[in-house]
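S.K.: From first to last, the protein sequence lines are chains A and B. Counting along the first sequence from 1, when you hit position 312 you're at 312 in this note's numbering, and nothing is skipped either side. Remember, this note's numbering sits 342 above the position in the second sequence when you count from 1.
No lab work stands behind these hints, which were simulated from the structure alone. Misleading hints may appear alongside valid ones.
[As the list claims (entries may be wrong)] Simulated restraints on C-beta separations:
#, chain 1, residue 1, chain 2, residue 2, range
1, B, Glu-911, A, Glu-172, 51 to 59 Å
2, B, Glu-911, A, Thr-320, 48 to 56 Å
3, B, Glu-1010, A, Gln-340, 53 to 61 Å
4, B, Thr-913, A, Ser-53, 48 to 56 Å
5, B, Gln-769, A, Gln-265, 25 to 33 Å
6, A, Gln-265, B, Pro-765, 54 to 62 Å
7, B, Ile-1012, A, Gln-55, 26 to 34 Å
8, B, Leu-775, A, Asn-321, 51 to 59 Å
9, A, Gln-340, B, Leu-952, 55 to 63 Å
10, B, Thr-913, A, Ser-310, 21 to 29 Å
11, B, Thr-913, A, Gln-265, 53 to 61 Å
The beta-carbon is built from N, C-alpha and C at its ideal position, and this holds for glycine as well.
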Amino acid sequence: MAVPLPLPPPGPQFVLRGTQSAVNALHFGGGAQAQGRQLLFSGSQSGLVHIWSLQTRRTVATLDGHGGQSVTWLQMLPQSHQLLSQGRDLRLCLWDLAEGRNAIVDSVCLESVAFCRSSVLAEGQARWLLALPGKGSDEVRTSTTDALHSPNHQVQILEMPSKTSVCTLKPEADAKPGMPMCLGLWQAESSPRPLLLAGYEDGSVALWDVWERKVCSRVSCHEEPVMGLDFDSQKARGVSGSAGKALAVWSLNGQQALQVCSTHQLTNPGISDITVRPDRKILATAGWDHRIRVFHWRTMKPLAVLAFHSASVHCVAFATNGLLAAGSKDQRISIWSLYQRT
Amino acid sequence: MDPALSVVRLTVREAIHTLSSSEDCGLILSTLRFLKRYLGETEDPALPEEQEEFATVHFSAFLRCLVIKLSPVWLELSPDGQLEELWDSFFLKGPADQAFLVLMEALESTAGPSFCLMKMAQLLANFLSQRRMAALMEEQCRPQKKPGFTLLQETLLNKVVGLPDHLGNRLQQDNLALFFPQNYFPLLGEEVVRVLQGIVDALRGGLDCSVSFMSRVLGKICIQGRQKEILDVLVPQLTVLTQGSCLWQRVCWRLMEQVPDRTMEAVLIGLVEATPGPEVLSRLLGNLVVKSKKAQFVMTQKLLFLQYQHTTPMLQSLLGYLAMDSQRRPLLIQALKELLETWGSSSAVRHAPVTQQHYLSAAILICLAHLREPELRDSQDELLASMMAGVKCHLDSSLPTVRRLGMIVAEIISSQIHPEGPPLKFQYEDDELSRELLALAIPGTSDSSTVLAGGSAPAPTASETLAKTMDDGVESANGSDPQVGPQGSDSDLDSDDEFIPYDMSGDIELKSNKAPLYVRDCMEVLTSSEDMERWEAALRALEGLVYRSPEATREVSVELAKVLLHLEERTCVSGFEGLRQRALVAVIVMDPARVAEYLTSQFYALNYSLRQRLDILDVLTLSAQELSRPGHLKRPTQQVSCGSGAPVLATSQADCTGVSGWRTVVEERIRSKTRRFSKQGFPRRELASSPSEFNSVAGYFFFPLIQHFDRPLVTFDLLGDDQLVLGRLTHTLAALMYLAINTTVAVSMGKALLEFVWVLRFHVDIYVRRGLLSAVSSILLSVPAERLLGDLSDELLEARSWLADVAEKDVDEDCREQAVRALLLLERLKDRLLPLSH
Chain A
1 MAVPLPLPPP
11 GPQFVLRGTQ
21 SAVNALHFGG
31 GAQAQGRQLL
41 FSGSQSGLVH
51 IWSLQTRRTV
61 ATLDGHGGQS
71 VTWLQMLPQS
81 HQLLSQGRDL
91 RLCLWDLAEG
101 RNAIVDSVCL
111 ESVAFCRSSV
121 LAEGQARWLL
131 ALPGKGSDEV
141 RTSTTDALHS
151 PNHQVQILEM
161 PSKTSVCTLK
171 PEADAKPGMP
181 MCLGLWQAES
191 SPRPLLLAGY
201 EDGSVALWDV
211 WERKVCSRVS
221 CHEEPVMGLD
231 FDSQKARGVS
241 GSAGKALAVW
251 SLNGQQALQV
261 CSTHQLTNPG
271 ISDITVRPDR
281 KILATAGWDH
291 RIRVFHWRTM
301 KPLAVLAFHS
311 ASVHCVAFAT
321 NGLLAAGSKD
331 QRISIWSLYQ
341 RT
Chain B
343 MDPALSVVRL
353 TVREAIHTLS
363 SSEDCGLILS
373 TLRFLKRYLG
383 ETEDPALPEE
393 QEEFATVHFS
403 AFLRCLVIKL
413 SPVWLELSPD
423 GQLEELWDSF
433 FLKGPADQAF
443 LVLMEALEST
453 AGPSFCLMKM
463 AQLLANFLSQ
473 RRMAALMEEQ
483 CRPQKKPGFT
493 LLQETLLNKV
503 VGLPDHLGNR
513 LQQDNLALFF
523 PQNYFPLLGE
533 EVVRVLQGIV
543 DALRGGLDCS
553 VSFMSRVLGK
563 ICIQGRQKEI
573 LDVLVPQLTV
583 LTQGSCLWQR
593 VCWRLMEQVP
603 DRTMEAVLIG
613 LVEATPGPEV
623 LSRLLGNLVV
633 KSKKAQFVMT
643 QKLLFLQYQH
653 TTPMLQSLLG
663 YLAMDSQRRP
673 LLIQALKELL
683 ETWGSSSAVR
693 HAPVTQQHYL
703 SAAILICLAH
713 LREPELRDSQ
723 DELLASMMAG
733 VKCHLDSSLP
743 TVRRLGMIVA
753 EIISSQIHPE
763 GPPLKFQYED
773 DELSRELLAL
783 AIPGTSDSST
793 VLAGGSAPAP
803 TASETLAKTM
813 DDGVESANGS
823 DPQVGPQGSD
833 SDLDSDDEFI
843 PYDMSGDIEL
853 KSNKAPLYVR
863 DCMEVLTSSE
873 DMERWEAALR
883 ALEGLVYRSP
893 EATREVSVEL
903 AKVLLHLEER
913 TCVSGFEGLR
923 QRALVAVIVM
933 DPARVAEYLT
943 SQFYALNYSL
953 RQRLDILDVL
963 TLSAQELSRP
973 GHLKRPTQQV
983 SCGSGAPVLA
993 TSQADCTGVS
1003 GWRTVVEERI
1013 RSKTRRFSKQ
1023 GFPRRELASS
1033 PSEFNSVAGY
1043 FFFPLIQHFD
1053 RPLVTFDLLG
1063 DDQLVLGRLT
1073 HTLAALMYLA
1083 INTTVAVSMG
1093 KALLEFVWVL
1103 RFHVDIYVRR
1113 GLLSAVSSIL
1123 LSVPAERLLG
1133 DLSDELLEAR
1143 SWLADVAEKD
1153 VDEDCREQAV
1163 RALLLLERLK
1173 DRLLPLSH
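Next up, chain B with everything else stripped away, as it sits in the complex (with noise of 0.2 Å):
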């Protein structure tokens, strides 16, 4: 053995045997002063071998003694605190890593709330702000050699990384702040970046060096869902750092790559979220899909088809760093015809939500704004196809806002695939989600945004150009002003300001007074004038007719209904649904058995058209509410006008305020003016009651229409391609039982509704799941609970496991939460039965 080792050894066991036995102070003191020679931290330090013999050996060992001494009396026999100076500096001194280990160890082996426990926590605190940790990784990050070194670089990996864990468990109520994640991973970020600091010197200098380690400690910092914390910290110093230093860049490209491929998903899409542009991303990731394949499978499929909860930048930021670089445009272009793929899916389309179908259209829209026209000449064909079949499924679907994503997406792909074509164009609301994806689509704006958070030098050029043109944009429009309004300069000094001009919307093109002044009048005209003006005229003044002439309208009821199921736009009205939809419901309220009969008798016929099915559909609808409300009879005409005319219950409401507002004025003033000496206030209003006109007549409207949905006809097939349709039928029929709320019949309609539901339960379409499940809804409302329970219970039963079911794993959002509500009715129910039972 060499005689050089064996000193330190002796020394080492020497020292452990004093520390252990005595209880001099002073001789504790020399004996540790003695030992610190060998960190080198004293003036006559040990010689080189003995300080790496004692650090390599003998340390852990000595700490552990050391952790075993420490208590409040062993520290107070040196009062003036020298001693508990010397114990600490071991622990901050000495080799970072075994200090850091034997330190954990000992947290966890002490017992309870303790002093003990808090002076090493405390300790441990002191390690973290003295920058120990950086000297701990930055040690790992050098060539190892040592025997056991993985084994070791694992047990600190899970040290380190599971920190504010095994800290918080062992401290409960008295952790530090220090050790709360929220702290303790930002504070980790900043360590990593003084190691890749050391890391970048040191490579400059020409040592060899390795960031496997920071890569793993990263990776595992990511998977235990702490990406934030760090990645706030790490990204920004990264992107600054790398700006223009390719070394910098290496070493960053290195870090990702090292990351294990288990924790590589974790740590991009950390990153994804916390860059703030593609330029950034590539920066930091360099060529990483390219090289890995698990990054490429992350960033090319999980981030676009698996995941769909990430935000529109963050696709922008993803979409562009595949755009930026030749080698990973064929990556871009993959996913394009991949995305349009699935996006063409009608599987997809119906299976998918709409939050994914979004996402999943924007990621097209992006690719689309950073691929030219010639990239996509090669796959110009395939693009094609899966666009023309997904522009079919889209449009197919029986939800608006599936619609309109199939209508944007496709009128932009044509553009771009056939910039010279004539271009594909839909009509579609311009509304909010329009005008995001649209902005998607021009290639422009996503550039321009990164450039400005990136700060770098084209930003304040383009920014000036811009500000330059607003400039010239003014001048102009100054330079115009005065050919503009020659008036401006009259000297007559009276200000416009008095003059406000008051609403002129009223100001309409008035008709000429040729309406028909009877309904058999109104009919004639309709059917056979050649005149348009009084035609028009006669479609205008028909509800107003049909109100004020019940017995008129009787006579003729069933024929007039045909009349105007039959009638089509034969001129330019504005507002002809509208009208004809409103004098339908006329007509119905005013003879409400026959003609409900004829209507729902040819909502099964043959020979008509799905906008008449559908319009069949809503008239009933309307014409129920109508009959159902109280007191309809006292003012048909009001009402109805100002009714907006959707199939949707109790929109006439908002409309109507201008109506009753002189009643309210009134009303205030009169309250105003009164005094009154009871405590009751305003007298309530007291609703004129009467009994509901749909009660003898809602079978007439449920009854046929729920008979005949299974029995296909040649041009018409509710279960098969006419789910729209069919979709629009559950919806009425809901609305239906909503209505028939307090009528006699409403038990046997909640049975029929509810086989109807049981039958079409596992519909594939989201709107007839959306219309059986407000079926149900309205079945709970609308029918007695008693009657509920006694008739329906097996049925209700059914139906509840069939809500629990949608409720947890329907794929859209509104079918979960119709079903949530229904539960909630249903539970709502067997509170109100329960006390009675009792």
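Just chain A, same shape as in the assembly (with noise of 0.2 Å):
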């Protein structure tokens, strides 16, 4: 009957500091090419790129391509050294990192003001996609009264490294789901065909057919506009948190249609940041509340509120190795080692 004491939660493994500004993005590089190398990124209010080392926990390299507007969005490309950069100036930087270059090699404007991060889907270095907010600029531009029409309301779905644009993803005519809120673009195992879950403002989840530039389904499982989402397209299912007081799970059945499994409640609102482990085991928010909270994905059980920030934490990063990061307004970033398999 006596069941143990559970444990206090852990502290954080090592914290970085050093960026000066609240951290914004995270993302973890390096990877299999750069074996014993790994790398973490961090992109700050204040414009700037932050290349840390994980072994010698300090910055490798500083960015500066944002002219000091903040970044919100940072994204390595796969086998490659190349680095995308999300900014507030309405500029999407793709960086060359290898060989101790660091140059910006491309850069994409953006039509939206929003804070909606973009999303890549990458089978290959040849040719990817980028779905980021925003009007495509070979598209006409009707009337800007029209709220539905306003670029703000779109996705715009380019071809990489061409920069061609695929499509634009405008909502239906009846649905007003506001603003797209966070993006993330893929592909099922079993067809070619890409897709795109957006969150929207209204706190619904879309399923975009990319090629038929359709909605497949909308689930509109919060209250407050999506915050973050993200999908585990090996089990079918995602999470989304939102700027209110809840998680949802949310599944695709075989007709691509989206429905609520579940929500949990938390005790604080506000998730800026949702992320699965890439061993689909667990996943951690970023709370408004200054606490990093992990679940168990499957159950969805609760299993530690780290409380280390003192602002509100604005992303976390899993590395494929399973370390989490946590970027906060506080300018820290804090590194944990959870239920980690030794």
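Now that you have both chains on their own, put them together as the hints suggest.
M.R.: Structure follows, in structure tokens:
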């Protein structure tokens, strides 16, 4: 009958300081080809991208390409030394980091001034898709007063590196989902069709078929704007967090229809980012309440509440080896090692 | 004279002559063998009349003669032991009562450790082990016609029951194990059962018998305090025998009825203790309580009102017994009325020990569990009146246990008397005491336990149904399991074992950050803000702010104390009391003299609620504790934030372990990596020494409080109704006195406090007396010994006699214990000073 007392939550493994401003985006890089040289990229409010070595725990380099405007999204292209960074200067830069270089090789202009992060679907180096908020430049601008066709409400799909616009995804005429807040581009293993999951301002998550430019399914799972989502394509199950007090888990059935599986109440409202660990065992959320929450992905059992930061946590990221990083408004990046297979 | 009788007389006289004069072995043997005929054990027994005459007239005399002859030399006249055997046989085969009496007499008169004494003791042991005692007692149960048999019975009774004492006295170290009380009385119990069996058989055969001798034996044993030994043997056997046999039951009832009044109490108490439940008790006693006044008195008065050391199962047996028969039920209702009357009497509540009140409450609840509502209807008003009075005086008590008892009993009574009315509901802690009492009130529990103990037929069925229902429960649980956890059937095989959740108790709602940053702002928010969130944040932040900004606090300290003292809980803030208390403590610690002066003056002011006055006392104690702690200013916030807020000394110790945990870990690490060459081991941790902050301000805390207690106000009368506050005041003063150790004012404080104690020493409230006793102890601890003897010797002498008195006579156990402690302290003081004076 004596239930052993739960262990007190662990502290961070180490903390990276020195960004000098709030950390908005994190991404683990290095991975397979950079054996023993794992890197962490962090994008800060001041527009800088810091590259951290996790061995020395120091910055390796600093990239300054967004003119002092906040960096909101970072993504490394697989099997390459190229880094994508999205900034509030309405530019999406592609950096070449190979062999110690750090130069912008390409950039895309964004139409949307919103905070929506972009998403990438890369099969190989040669050709990859990029989903970014805003209207494609080739579209004819119609009435600007029509809110539905304001560039802020659309998602543009580009084929890279050629920068050719594949399509622009406009919400249906009768739906008023508001702006897209977060994007997730993916592809089922069985079919080559790229699909896009988008969380909207009205709290709904929509599944777009990119080729057909139409919404396959839409499920409204939050009361508040969706702030972050992540999708597990193996289990066809995804999770989203919003500005409200709940997490929603939804799944995709065979008919490409989304349905809400369950919702999980949080103590405090506000999730700014949500990520499932690459091994699909656990997931982490970045909370406005300064805390990182860890859940078991299969059962959604709460596992830990990590209270370390003294301001909102803006982003969480998992490395392929399971390391968890969280960046916060308090200018610190905390690195955690939880439920690691030893 | 009848010639046949004279033949016996002549033979006996001749035999006695032969025995006393002859040394011839053959002659002696033949004489004895001849006499043996009269015992009817040989092949050609004597005529029945002759046997009768020998047994009644000559047997004792002859046995006495045999006893006189007994010596090693005499027995060795026949080397093959024939003589010894014959000698023994007269005692073992003859009439048991005479043989026993002669033996006992001989044992009394034989001198010191000797062969004869041991021989006779051995013979007595044989006598006992050959079941002659049963024969003896059975004989006494036959209808008696002989003259003087009452005297004989009286003597026999004394000898039979007093045997262990007599033998113990005579044999001293050489006593045989059989004669130890713990062995003898169980044996006697076996014999009693045997005798009763004989009586039952005789009654079946149509013979007349009396059990009065057995009753007297039983009574006498019990009154000598050997109930346990004999009843532990007797009761289980009787329980079995009386089951299903009316005759046995009647014999048993008769046995109990015949117990003399003088010993009735001892027997009944022993019996109630030894029986496993009301059914058995009812079988053994019958309607004894209805028939015997004494038994009624014992069962309904003495066991309920005058004694309170008995266990709850015993109470359940007793009251269950009363409830089992319609003739006895009026007694139960009567008992309930009287119990409630006592329970509701304020003087009983005030003067009876807590254990007795607990006992009474348990008895009431058991009564209620047995009585049904229709039976109570007649006396409903009476019961209700008693209950109302009882609730009032229980709730008035300053002891939490008594208050709790009042609540529990009142709840159950009201639910029994008024099942249809709205239930009375108090808020009390759910602890062992309350659970135990509430369990008593459920009618089923007492019955089922006795049924199980009795091992009768309904028991297995009951347990079967129970098991069945439990099985059903399990099945249904299993059935619903797949629906409950659909994810459990997930094919993913990763076990959850490695995902053990961490402690998530820290996951509380984040308060918006509206807390003021300055003490003055805080105060303003607390007094005037309508924004509840801000108000709460201010309250939470206040303690830390006060400690961080001593200067700013000092500027507004009294004002802030006033605000806090009058602060009311406007919204439902969790831990409001604690927050306010800690903030007040912080304010006092920052500016002790002025704030303490203000608070003590407010304690005796008009227009405060009792709650506020109690709060004042609490914060004064806590802040005094804080001030007197060495080096308190270095880590104020930590220490205070983990204090539990209760006005108990040294509560914060346990909670602080988490804070200092890292320090011990580090020290452990250093220790394990350090080699030391000196013998001392580890360096002793040096406590930073600093002057006690309490020294200079103790007077501000203490004297204003002690000065005005005897001046009643319109709203506040310490010596009258507000004794709870007085109790708390005495405890506070005691704590202040204790904390004033090593201060210069301790002596005058002690003097004042001793006077205070002297005035109140006979206070009726237990809580107040406890406070006074702890005050005396603190004086003894805090005031330097030489000053105590120099300045306070008279007062101490008076206090000492009072303490001795309390230690002996007080109704409350805690009071007695505290008095003893104080006396011990006094003794220690004396021991410390005496060597100095030599």
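S.K.: If a hint holds in the structure, say so; if it doesn't, say that too.
M.R.: Structure-based check of each hint:
| no. | hint | in the structure |
| --- | --- | --- |
| 1 | B/Glu-911 with A/Glu-172: 51 to 59 Å | holds, 53 Å |
| 2 | B/Glu-911 with A/Thr-320: 48 to 56 Å | holds, 53 Å |
| 3 | B/Glu-1010 with A/Gln-340: 53 to 61 Å | violated, 27 Å |
| 4 | B/Thr-913 with A/Ser-53: 48 to 56 Å | holds, 51 Å |
| 5 | B/Gln-769 with A/Gln-265: 25 to 33 Å | holds, 29 Å |
| 6 | A/Gln-265 with B/Pro-765: 54 to 62 Å | violated, 34 Å |
| 7 | B/Ile-1012 with A/Gln-55: 26 to 34 Å | holds, 30 Å |
| 8 | B/Leu-775 with A/Asn-321: 51 to 59 Å | holds, 57 Å |
| 9 | A/Gln-340 with B/Leu-952: 55 to 63 Å | holds, 58 Å |
| 10 | B/Thr-913 with A/Ser-310: 21 to 29 Å | holds, 27 Å |
| 11 | B/Thr-913 with A/Gln-265: 53 to 61 Å | violated, 23 Å |
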